[in-house]
Amino acid sequence: MIFDIEKETAPREDLEPLQLSRLRNLVERVNANVPFYRRKFEETGIRPEQIKSLNDLKYLPFTEKQDLRNNYPFGLFAVPKENVVRIHASSGTTGKATVVGYTHRDVRNWASLMARAFMAAGVNRGDVVHNAYGYGLFTGGLGVHYGAEELGATIVPISGGGTRRQVMLLRDFGPTVLCSTPSYSLFLFEAAQEAGIPFSELPIRVGIFGAEPWSEEMRHDIESKLGLIALDIYGLSEIMGPGVAMECAVAQKGLHIFEDHFLPEIIDPITGEQLPPGETGELVLTTLTKEAQPLIRYRTRDITSLNYVPCRCGRTHVRMSRIKGRSDDMLIIRGVNVFPSQIEALLLETEGLTPHYQLILDRQGAMDTLEVRVEVDEKLFSDEVRHLQRLEGKIQGNIKEFLGVTAKVKLVEPRSLARSEGKAKRIIDQRPKV
Amino acid sequence: MKVEQISIFLENRAGRLTDVTRVLSQGGINIRALSLADTSDFGILRLIVTDHERAKQLLKENGFTVGRTSVVAVEVDDRPGGLHFILELLSNNQINVEYMYAFVQQTGKDAVMIFRFDRTDQAVEILQANKIRIIPGDELYNL
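As they're listed, the protein sequences go chains A and B.
Heads up, the first sequence is in the numbering used here, so the first residue is 44 and it goes up one at a time.
Heads up, the second sequence is in the numbering used here, so the first residue is 818 and it goes up one at a time.
Read the hints as simulated data drawn from the structure, not as lab findings.
Fair warning: there could be bad hints in the mix.
[Stated by the list, open to error] Calculated pairs, DSSO-like style, for lysine-lysine (alpha carbon to alpha carbon, straight line, at most 30 angstroms):
#1 A:Lys453 to A:Lys443
#2 B:Lys873 to A:Lys437
#3 A:Lys422 to B:Lys873
#4 A:Lys453 to B:Lys873
[Stated by the list, open to error] Which residues of chain B face chain A? A few of them, derived with a C-beta cut under 8 angstroms, are:
#5 Ser824
#6 Arg863
#7 Gly884
#8 Thr886
Where is the CB? At the ideal position from N, CA and C, for every residue including glycine.
Use the sequences and the hints to build the structure in full.
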C-alpha cells in the first residue's frame with residue numbers, strides 16, 4: 044500500500060530533475076526573502092543561478108541549530124507573518140528554543156507525508172490510531188494527528204501521560220495502531236499487565252515509534268511483548284516534524300526519506316565533506332518544498348547512512364539506517380570515529396544487560412589510549428578470576444572486531460563511576476588539547 | 818554437607834579490604850576462613866563467616882558486589898601425604914578443583930581444606946564413600 048504511488052515510486056531519472064528544479068527555486072526564494080541566507084550566500088561567494096545540478100548542492104553553506112537560535116524567534120521566516128498558520132518550537136533544554144513556522148500549504152504537505160508514513164506501516168482507513176505523542180508545541184502529537192485524518196483513519200488524540208486511563212482506552216476503543224515513543228510502549232505494556240489486560244490480546248497490530256533513539260534489540264523486545272510490528276519513524280521539528288522518513292513494514296529495514304520534499308546528504312561531521320553512498324556520517328537535510336521556514340543543508344547531528352538499493356516495497360526513495368548516535372558525541376581515537384552508543388551496544392550484546400560504563404581517553408606519547416570501565420554487578424560477578432578475565436577479554440575482542448580500536452577493559456565496583464544529576468558521565472577525555 | 822562461602826569483588830586500591838573488615842566488624846561478624854585471589858586490576862575476596870546471610874546483606878548495603886558459592890570443607894590428616902590422598906581420589910574420578918585454600922582449626926590437630934569443585938555433589942559422594950570427614954556448614958560457622 045502506497046499513499047502517493049506516483050511520487051513514492053518515481054524512477055530516479057524522474058525524481059532527480061524534480062529535486063533539482065525545487066532546489067533551484069528554493070535557493071532563489073531564500074536569497075530573495077531571508078536576509079540570513081542572502082548574507083551567507085554572499086560570504087560563501089555563491090549566486091543562486093550557479094546551482095545547475097544536484098551535485099552543486101555541496102557548494103551551499105550549512106545551516107546549524109545555532110543559526111535558528113541566533114534568529115529567534117521568527118528571523119528565518121521566508122514568508123510574511125500573516126501567511127504563517129502554525130508555530131511549533133523545541134523545548135529549549137540545551138539553550139534557547141528553536142522555533143519553526145508553517146504556511147497552510149506546509150501543514151497540508153506535512154499531513155500528506157504523515158499519511159504516506161502510515162501507509163508504509165500498513166495502516167489505512169478503518170484503522171484506529173491511539174496517539175500517545177504529546178500535543179502542543181512539540182511536533183509529535185499534531186503531526187501524527189493530521190496525518191491520520193488525511194489518511195481517513197480514526198484518531199484517538201490521547202497525548203502523553205495518564206497511563207492508567209490510556210490502558211482503559213486501549214481496552215475500550217480497541218485501537219489497531221499505537222503511536223508513541225518506544226520506551227512509552229513498554230511502559231504501557233507493564234501498566235496493562237498490572238491492570239490484568241494481556242496486551243497481546245488487544246487488536247493493536249502496528250506500533251509507530253520515534254522521537255528517541257532505540258536499538259534493534261529493543262524492537263525485538265517490544266514486538267515479542269506487545270505482539271505487534273514495531274516500526275521506526277524519523278523527523279525533527281526544524282525540518283518538519285514526524286514523517287521526514289519512515290520504515291516500511293514490507294522490508295522493515297531502513298527508513299524511506301521522502302525525497303521529493305527533503306534532499307538528504309551524508310557528511311563527515313569533522314570536515315563537512317560529502318561522503319559516498321553507504322558511508323556512515325552526519326545526516327544533512329535540505330527542505331525542498333517548505334514555504335514558511337525553508338532550511339538549506341541543515342545539520343541534523345544524527346549519525347546514519349544512506350542505502351540507495353531498491354526496496355522490496357516498491358518505493359524508490361532512499362533508505363536511512365536507524366540513528367546510530369549524535370555527531371556531538373563522536374570521539375576520534377587514533378583516527379577512528381567512535382560513538383559511545385556503539386560501545387554501549389557492544390556491552391549490551393556481550394552480556395545482555397544494561398551496564399554502567401565509562402570511557403577514559405588519554406594519550407601516551409603520540410598514541411591515544413582508550414580504557415573502558417565496566418561496573419561489575421551481581422549478574423556479571425563470578426568468584427572465579429578466570430571467568431572475570433574471560434569477560435574482560437570478550438568485551439575487548441568485540442570492541443576490536445567491530446570498532447577497530449584496541450581498548451583496555453577494566454572491571455570496577457558498582458557505583459564507583461560518577462553520576463551527576465542522575466545521568467552518568469560517560470566520557471572522560473584527558474588527552475591534551477592541541 | 819556444603820558450606821556457604823561469600824565472595825566480594827574488590828578493586829585494587831588502598832583501603833578497600835579495610836572497608837570490608839570494617840563492615841563485618843561493626844556487624845559483629847566473625848571471619849572463619851578467607852582467601853584473596855587477585856589480578857593487577859581487581860581481587861576476589863572469599864570468606865567463610867559466622868553468619869553469611871547477614872554478612873552478605875550488610876556488604877550489599879555498603880555497595881559491594883557479593884556472590885555466594887557452595888564449597889566443601891574437608892578434614893585433612895596432618896601427616897605427609899594427607900592432602901595428596903584426597904586430591905588423588907578426586908582426580909581419579911575426573912573431578913576438577915576450581916580453587917582451594919587452607920584453614921587451621923583452633924585445636925591444631927587437623928588441617929581443614931576449603932574446596933570449590935566443578936562437580937560439588939559428586940565430589941561429596943566420593944569423599945563420603947572413602948570415609949573422609951566433611952565438616953558441615955553449621956559446625957564450621959560455630960567452631
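Consistency of the hints with the structure:
{"no.": "1", "hint": "A:Lys453 to A:Lys443", "in the structure": "holds (15 angstroms)"}
{"no.": "2", "hint": "B:Lys873 to A:Lys437", "in the structure": "holds (29 angstroms)"}
{"no.": "3", "hint": "A:Lys422 to B:Lys873", "in the structure": "holds (15 angstroms)"}
{"no.": "4", "hint": "A:Lys453 to B:Lys873", "in the structure": "holds (24 angstroms)"}
{"no.": "5", "hint": "Ser824", "in the structure": "holds (4 angstroms)"}
{"no.": "6", "hint": "Arg863", "in the structure": "holds (6 angstroms)"}
{"no.": "7", "hint": "Gly884", "in the structure": "holds (5 angstroms)"}
{"no.": "8", "hint": "Thr886", "in the structure": "holds (5 angstroms)"}
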